[in-house]
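Generate coordinates for the entire structure from the input sequences, incorporating the hints supplied.
Residue 91 in numbering that gives the first Met the number 0 is what sits at position 92 of the sequence shown, and the numbering runs on without skipping anything.
Hints were generated in silico from the structure; no laboratory data involved. The model shown is predicted, which means the values in this text are computed figures rather than measured ones. Please note that a few of the clues may not be correct.
Distance ranges between label pairs, derived from CB positions [to be verified]:
(1) Tyr-19 / Asp-91: 17 to 25 Å
(2) Lys-1 / Met-34: 16 to 24 Å
(3) Gln-22 / Ile-50: 28 to 36 Å
(4) Ser-87 / Glu-10: 17 to 25 Å
(5) Phe-45 / His-23: 26 to 34 Å
(6) Gln-22 / Asp-75: 37 to 45 Å
(7) Asp-76 / Ala-51: 18 to 26 Å
(8) Leu-57 / Gln-22: 31 to 39 Å
(9) Phe-45 / Ser-24: 24 to 32 Å
(10) Pro-43 / Ile-63: 15 to 23 Å
Only pairs whose alpha carbons sit at most 30 Å apart, straight line, appear in this in silico BS3-like list of lysine-lysine [claimed, not checked]:
(11) Lys-65 / Lys-33
(12) Lys-1 / Lys-65
(13) Lys-1 / Lys-33
Even glycine gets a Cβ: it sits at the ideal position worked out from N, Cα and C.
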Amino acid sequence: MKRVILSPEAEDDLMAIGDYLMQHSPAAAVRTMKMLRQSIDLLPSFPSLGIARDDLLLGLRCLIVKQYLIFYQPSDDLLEIMHVRHSSQSQDNLFPF
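Below you can see the structure in the form of C-alpha cells.
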C-alpha cells in the first residue's frame with residue numbers, strides 16, 4: 000500500500016478550511032474534516048480514483064469530494080496530497096512550476 004504524505008501547502012489548505020468552518024459552524028467543521036480525511040485515506044488503495052489533471056501538472060489527479068477538490072500525485076510507493084481546495088476557489092497558480 001502506498002504511503003500518504005501531505006505537502007506543506009495541503010496542510011495549510013486543510014488548516015484554512017477547518018479554521019473557516021469552525022468560525023461559522025463547529026459541527027460542519029468536524030463533519031467536513033472527517034469527510035476529507037476519510038477520502039484521503041481511500042486513495043492509497045484506489046490511487047486512480049480521481050480524474051487526471053495533467054493540464055495542471057503531469058501525473059496530477061483530482062478527487063472531487065462534495066464541494067472540495069483533493070489534488071494528489073501518486074507514484075510507485077508514495078501518494079502526495081498537493082492541495083485541498085473548495086471548488087469555488089481558483090485553481091490558477093496552484094502549480095506554478
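* Broken hints, by number -> Result: no hint breaks.
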